[in-house]
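Listed below, chain by chain, are the residues.
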Amino acid sequence: MALWPIVAHAYDFEISATTVGQGDQIRRFQDGEVVLLTRRRVTQLLGLRVFGFLPAQDPDSGRVVPRLQLVGALRFDTDFAEFRDNTDEGGIVVVPELDNDQLDVLSLTVEGRDFLDATTDFRVGRQVVVDPLDYYAFDGGQFFFHPPIYLGVEGFGGFQVRGTDPLSSPSFEIDGTTDSVLAPDEPEALSPMFGGAIQTHGLRDVFARASYRRTFSTVAVVAVPTAGADAERTSAIEGIDEEKLAVSARARIGDGLHPYAGVRWNALTARADLGEAGVRVALHPRHAVTPAWAMAAPDFEGDSIWNLYSTEPYHDASLTYDVVVTRAHPYVIEGYARTLARRYANEVQDEVTEGSALHHGAGAGARLMFGRGFARVDGRFEDGFGGRTAGGDVSGRFDVLVDSVALEGRVTVLQFQNDVRAEALKRDMWSLGAQAGARWVLTDGVALHLLAEENSNQLYTSYLRLLAMLDLAYVP
Amino acid sequence: MTRAALTLLLASIASAEARGPSTIIIPEQRIPLRFSHRQHLALNVKCEFCHSKAALSRVARDFLVPPEEVCADCHAIERDKPNKQAKPVAACGGCHPGFSGIGQPARIEIPPPFVKFNHQVHVSRGVECVTCHATVPTADLATRAELPRMPLCLSCHDGKQAPSQCTTCHLGDAEGRIKTALPTGTLTPSGVLRGDAHDLRFKMDHRRVAANDERYCENCHRQEWCQSCHNGIVKPLDFHGNDYLSLHAADARRNIPDCASCHRRQTFCLGCHQRSGVALARDVRGVDPSADTTTNAHFTQGRKFHPEGWIDDARGPSHHAPQAQRNIAASASCHPQETCLASHATAGLRSTSPVGRFVDPHPAGFATSRRCRALADKNPRACLKCHTVDDPARSCR
Numbered sequence: 001m002a003l004w005p006i007v008a009h010a011y012d013f014e015i016s017a018t019t020v021g022q023g024d025q026i027r028r029f030q031d032g033e034v035v036l037l038t039r040r041r042v043t044q045l046l047g048l049r050v051f052g053f054l055p056a057q058d059p060d061s062g063r064v065v066p067r068l069q070l071v072g073a074l075r076f077d078t079d080f081a082e083f084r085d086n087t088d089e090g091g092i093v094v095v096p097e098l099d100n101d102q103l104d105v106l107s108l109t110v111e112g113r114d115f116l117d118a119t120t121d122f123r124v125g126r127q128v129v130v131d132p133l134d135y136y137a138f139d140g141g142q143f144f145f146h147p148p149i150y151l152g153v154e155g156f157g158g159f160q161v162r163g164t165d166p167l168s169s170p171s172f173e174i175d176g177t178t179d180s181v182l183a184p185d186e187p188e189a190l191s192p193m194f195g196g197a198i199q200t201h202g203l204r205d206v207f208a209r210a211s212y213r214r215t216f217s218t219v220a221v222v223a224v225p226t227a228g229a230d231a232e233r234t235s236a237i238e239g240i241d242e243e244k245l246a247v248s249a250r251a252r253i254g255d256g257l258h259p260y261a262g263v264r265w266n267a268l269t270a271r272a273d274l275g276e277a278g279v280r281v282a283l284h285p286r287h288a289v290t291p292a293w294a295m296a297a298p299d300f301e302g303d304s305i306w307n308l309y310s311t312e313p314y315h316d317a318s319l320t321y322d323v324v325v326t327r328a329h330p331y332v333i334e335g336y337a338r339t340l341a342r343r344y345a346n347e348v349q350d351e352v353t354e355g356s357a358l359h360h361g362a363g364a365g366a367r368l369m370f371g372r373g374f375a376r377v378d379g380r381f382e383d384g385f386g387g388r389t390a391g392g393d394v395s396g397r398f399d400v401l402v403d404s405v406a407l408e409g410r411v412t413v414l415q416f417q418n419d420v421r422a423e424a425l426k427r428d429m430w431s432l433g434a435q436a437g438a439r440w441v442l443t444d445g446v447a448l449h450l451l452a453e454e455n456s457n458q459l460y461t462s463y464l465r466l467l468a469m470l471d472l473a474y475v476p
Numbered sequence: 477m478t479r480a481a482l483t484l485l486l487a488s489i490a491s492a493e494a495r496g497p498s499t500i501i502i503p504e505q506r507i508p509l510r511f512s513h514r515q516h517l518a519l520n521v522k523c524e525f526c527h528s529k530a531a532l533s534r535v536a537r538d539f540l541v542p543p544e545e546v547c548a549d550c551h552a553i554e555r556d557k558p559n560k561q562a563k564p565v566a567a568c569g570g571c572h573p574g575f576s577g578i579g580q581p582a583r584i585e586i587p588p589p590f591v592k593f594n595h596q597v598h599v600s601r602g603v604e605c606v607t608c609h610a611t612v613p614t615a616d617l618a619t620r621a622e623l624p625r626m627p628l629c630l631s632c633h634d635g636k637q638a639p640s641q642c643t644t645c646h647l648g649d650a651e652g653r654i655k656t657a658l659p660t661g662t663l664t665p666s667g668v669l670r671g672d673a674h675d676l677r678f679k680m681d682h683r684r685v686a687a688n689d690e691r692y693c694e695n696c697h698r699q700e701w702c703q704s705c706h707n708g709i710v711k712p713l714d715f716h717g718n719d720y721l722s723l724h725a726a727d728a729r730r731n732i733p734d735c736a737s738c739h740r741r742q743t744f745c746l747g748c749h750q751r752s753g754v755a756l757a758r759d760v761r762g763v764d765p766s767a768d769t770t771t772n773a774h775f776t777q778g779r780k781f782h783p784e785g786w787i788d789d790a791r792g793p794s795h796h797a798p799q800a801q802r803n804i805a806a807s808a809s810c811h812p813q814e815t816c817l818a819s820h821a822t823a824g825l826r827s828t829s830p831v832g833r834f835v836d837p838h839p840a841g842f843a844t845s846r847r848c849r850a851l852a853d854k855n856p857r858a859c860l861k862c863h864t865v866d867d868p869a870r871s872c873r
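Chains A and B, in that order, give the protein sequences.
Be aware that the first sequence starts at 1, since it is given in our numbering, and climbs by one per residue.
Be aware that the second sequence starts at 477, since it is given in our numbering, and climbs by one per residue.
The hints are simulated quantities; they were obtained by calculation from the structure and are not laboratory data.
Warning: the hint list may mix true and false statements.
What the hints assert, rightly or not - Selected chain B positions facing chain A (in silico; Cβ < 10 Å):
no., residue
1, Leu-517
2, Asp-556
3, Asn-559
4, Arg-729
5, Pro-837
Unchecked claim - Stretch-level coverage of chain A by chain B, calculated; a stretch enters the list once three of its residues show a Cβ under 8 Å from a Cβ in chain B:
no., region
6, 187 to 197
7, 235 to 248
Claimed, not checked - Restraint ranges, calculated between C-beta atoms of paired labels, are given here:
no., chain 1, residue 1, chain 2, residue 2, range
8, B, Leu-509, A, Ala-337, 52 to 58 Å
9, A, Pro-259, B, Thr-660, 29 to 35 Å
10, B, Pro-542, A, Val-475, 39 to 45 Å
11, B, Pro-712, A, Arg-427, 25 to 31 Å
12, A, Leu-68, B, Arg-846, 45 to 51 Å
13, A, Arg-427, B, Ser-871, 45 to 51 Å
14, B, Ser-737, A, Leu-407, 47 to 53 Å
Cβ coordinates follow ideal geometry from the N, Cα and C atoms, glycine included.
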C-alpha cells in the first residue's frame with residue numbers, strides 16, 4: 001500500500017432530470033371535415049455533468065486552471081399520438097422524429113479547457129456545433145489551439161449524426177431527403193466529416209472566423225431505368241453531402257458601433273447561400289438602431305434534387321430601434337421587408353411574373369418589469385408573400401410567492417390570411433388564443449410547471465394544448 | 477444642420493462611455509458623505525495614504541473606504557466638538573451632511589459586488605490606480621460610476637497580457653461558466669462589447685451573435701440550453717405563440733423565423749404533415765414514383781390544399797413554379813422528392829409514370845453553369861434520381 005498510494009479525488013457533479021408530458025390536438029385534413037387528432041407525448045430528459053477531474057489550483061496564483069469535465073444530455077421521447085391510420089392507403093411510416101420511442105444521446109462529451117498553458121481546448125464525443133456553417137451534430141473530436149498570439153486554430157472530424165443512427169436525434173438529420181425508393185441506403189449511410197477553422201482569439205474589439213466543413217458518404221442509388229428496363233441498384237457512389245465555407249466578422253468601434261457581416265459559400269451549389277450584414281448603432285446608452293441585411297438561398301444535402309431547381313435566394317432588410325427607458329422598461333420598434341424571387345425562369349426560358357414578391361411588416365413591443373414579475377405587449381403587422389398577419393398579444397408573469405409560485409399568462413388576437421391556399425381556405429380568419437401557466441418550486445432543485453393553451457378560430461372552436469413539466473436537479 | 481446632427485450623433489456615441497456599471501454586478505450603493513477626491517489629489521495626497529488597505533486587498537468585497545482615524549491624520553476631528561471650526565474642516569457636518577454630532581451619522585452602505593477582484597495582484601504588476609479609476613481625479617465623491625467597466629478590463633485581459641477567461645473576474649459555477657443567477661437579478665450582456673444585449677428581440681435575432689462565436693455563448697450557456705429550444709420537441713411558448721398550428725404556414729413560406737434552425741423539413745415537417753393528412757402519405761419505402769401525385773387525389777374527398785392552377789401546364793398566377801422558386805423548402809416540408817420526379821424527371825422515369833411530363837426544372841443556362849458542374853462533380857447521385865445513366869442531358873457543358 002505504501003508503494004501504491006491512493007489519491008482520493010472529490011468530483012463535483014450535477015444530475016438533472018426533466019419529465020415533460022404534452023397533450024394537444026392537431027387538425028386533420030381529410031374526408032371533407034375537420035377532425036382533431038389527439039396527441040400525447042412524454043419526453044424524459046436527463047442531464048449529467050461531472051467536473052473537477054483535475055486538482056484545483058490556487059486562484060491567486062494568476063495561472064489559468066485547466067478544466068476537464070464530462071457533460072451529457074440524453075432524451076427518451078415517446079409519442080402516444082393518434083395519427084391517420086390510412087387503412088385505405090396502405091399505412092404510413094411515422095418518421096423517427098414523431099415516433100421515436102428510443103433513447104437519444106443528444107450530446108455526450110469529455111471536454112477539456114485551457115490545457116497546455118491555457119492554449120488548448122478539446123471536446124470528444126457526440127457534440128452539437130453552432131457556427132456559420134450550420135447547426136449540426138457529429139460524433140468525433142474537436143480541438144481549438146489558441147496560443148497567445150490573438151489567433152486560434154480549430155480542427156474537427158468524425159461522423160455527422162444522421163437521424164437514423166443508433167441513439168441519435170433525428171433533429172440533426174441532414175435535410176433534403178427522406179426515405180426514398182430511389183436511394184434506399186441513404187438514411188443508414190455513414191457520413192464521415194472533417195473541417196477546420198481559423199479565428200481571432202482574445203482581441204477585445206474584433207472577432208473574425210473562417211471555417212470549412214465537408215461531409216460525404218458512399219451509397220448506391222436506384223438509377224432511373226431506361227425505358228422498358230427494370231430499375232437497378234448502382235454500385236456504391238461516393239458523393240459529398242455537404243461542403244461549406246463560411247467567413248464572418250464582427251467589430252466594436254467605441255461603445256456605440258457594432259458592425260457585423262458574414263457569408264457562407266456552398267461548394268455543392270457553387271453559390272453563396274447565406275449572407276448577413278448589419279450594424280448596431282447605440283446612439284445613446286439607452287437607444288440603439290440596427291439596420292441589417294440578410295440573404296438566404298435554399299440549402300439541402302448533396303443527395304437532394306432540390307439543389308438544382310431554379311430556386312432563388314431571398315433578401316431581407318430590416319431596421320430595428322430599441323430603447324431602454326429604464327432597465328425595467330425596454331421597448332422595441334422594428335420594420336422589415338423581404339424581397340423574394342419575382343420571376344420564374346427555367347431552362348426553356350419560360351417566364352412568369354406574378355403575385356407578391358415582397359414580404360413586409362412592422363412590429364413593436366414593450367415590457368414592463370416590476371418587483372414580482374413583468375407585463376409585455378407586442379403587436380405586429382405583416383403582409384405580402386405568405387399572407388397577412390395582424391394582431392398582437394399581451395403576456396405577463398406574477399410571482400405569487402417569491403422564488404416559489406409564479407403564474408403566467410398570454411392572450412393573443414390575430415387576423416390572418418394565407419395567400420397560397422385553395423379559394424375555399426383563402427379567407428380572412430381570426431384567431432383568439434390564451435395560455436395560462438404556473439410554476440411551483442417545491443424545494444431546491446424540484447420545480448413543477450403546468451400550462452394550458454386554448455385556441456379558437458374559424459376552423460375550429462376549440463384547440464386545447466396541455467403541458468406539464470417536472471424539473472429535478474441534484475447538485476450535491 | 478448636417479454637421480450639428482453629426483456632432484450630436486458622435487456625442488451620443490461617446491456618452492455611452494458614461495453609463496454606470498451593471499447593478500446586477502455592482503449593487504446600488506449609499507455613500508452619504510461630502511468628499512472631494514479632486515481637492516485631495518490637488519493637495520498631492522496619494523491614493524494609498526487614505527486607501528492603505530487597497531494594495532493588500534485580494535477580494536472585491538473588502539471595505540476600502542478609509543476609517544475616521546485616517547481622516548483624523550489631517551482633519552483635527554474631536555467627537556465631543558461636533559461643530560468645531562477648523563481648517564481643514566473638522567466639524568462632523570463637514571463630511572457627514574446633516575449630522576450634528578448627536579447619535580450616529582448615516583451609514584455607508586456598499587453591498588458586496590458579485591465579481592472577483594484582487595487589488596494586490598494588480599498593484600504588484602505596476603497597474604496604477606488611475607488606470608482603472610480614471611475619473612476619480614476629477615470627481616468629488618467617488619461612486620459606482622468611478623469603477624472600471626469591462627471594456628477597460630479587457631484591454632489587458634486578452635489572454636496574452638492577462639487571463640481572458642470570463643471567470644477570471646465573474647463568479648463561476650463548478651463547471652467554469654459564469655454564474656448568471658445572482659441575488660441582484662439575472663446577469664445578461666449589456667451589449668457594450670458585442671452588440672448582444674439580450675433585449676426584447678434577442679430570441680428572434682440571436683443568430684448573428686450565437687452562430688458566429690459559439691464559445692462566447694458557452695461562457696454562460698450549456699449546449700443543453702440551446703437544445704431545449706432548438707431540438708423541436710417542446711414548443712417554446714414564448715417563441716411560437718398561441719395557435720401557431722394555424723399560423724405557421726405563412727411563416728414557413730416566408731421562412732421567418734428560419735425553420736431550419738430547429739426543424740428538418742424532410743423529417744419533422746413532412747412527418748407531421750403526413751400524419752395530419754396535409755401531405756400525401758408514403759408507403760413503407762416511399763412513394764411509388766409512378767403514382768399520380770399531382771392531382772391532389774388524396775384530397776378529392778375533402779379539401780384541396782393548393783389553389784386552382786397549381787399544376788396546370790399553362791402557368792397562371794397560382795402556378796407552383798414561382799412559389800417553389802421563392803421557397804422550395806416549403807415544398808420539401810410536404811413532399812418527398814418523388815413527387816417532383818413524377819413531373820420533372822427525364823424520359824426514363826416518364827415512361828413508367830402515367831402522369832409524368834418532362835418539365836425541365838433547372839434554371840436558365842444551368843447546363844453551362846458552375847452550379848451544374850459542382851453538383852455533378854461532388855455528388856452524381858442526385859443527378860441519377862432524374863436522369864438515366866446514359867442520358868446525354870446528364871452532362872454539363
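Against chain A, is B/Asn-559 within 10 Å by beta-carbon distance?
It is violated, given that the least Cβ distance between B/Asn-559 and chain A is near 41 Å, above 10 Å.
Take the shortest C-beta to C-beta distance between B/Arg-729 and chain A; is it under 10 Å?
holds (4 Å)
CB-CB spacing for B/Thr-660 and A/Pro-259 relative to the 29 to 35 Å hint:
holds (32 Å)
Holds or violated: 45 to 51 Å for the Cβ distance of A/Leu-68 and B/Arg-846?
holds (46 Å)
Hint check: 10 Å Cβ-Cβ cutoff, B/Pro-837 to chain A:
Since the shortest Cβ distance to chain A is 5 Å, the answer is holds.
Has the region 187 to 197 of chain A got at least three residues whose CB is nearer than 8 Å to a CB belonging to chain B?
Violated: only 0 residues of the region 187 to 197 of chain A have a Cβ under 8 Å from chain B.
In this structure, is the beta-carbon distance linking A/Arg-427 and B/Ser-871 contained in 45 to 51 Å?
Hint holds: Cβ distance 49 Å, inside 45 to 51 Å.
Are B/Leu-509 and A/Ala-337 spaced within 52 to 58 Å by their CB atoms?
Cβ of B/Leu-509 to Cβ of A/Ala-337: about 55 Å, so the range 52 to 58 Å holds.
Assessment of proposed distance window 25 to 31 Å (beta carbons of B/Pro-712, A/Arg-427)
holds (29 Å)
Once the shortest beta carbon distance from B/Asp-556 to chain A is found, is it less than 10 Å?
Not OK, violated: B/Asp-556 not within 10 Å of chain A, min 44 Å.
Supplied distance hint 47 to 53 Å, evaluated on CB atoms of B/Ser-737 and A/Leu-407
For A/Leu-407 against B/Ser-737, whose Cβ atoms are near 30 Å apart, the range 47 to 53 Å is violated.
Counting residues of the region 235 to 248 of chain A whose CB is closer than 8 Å to a CB in chain B, do you get three or more?
holds (count 6)
When each numbered hint is compared with the structure, violations occur for hints 1, 2, 3, 6, 14.
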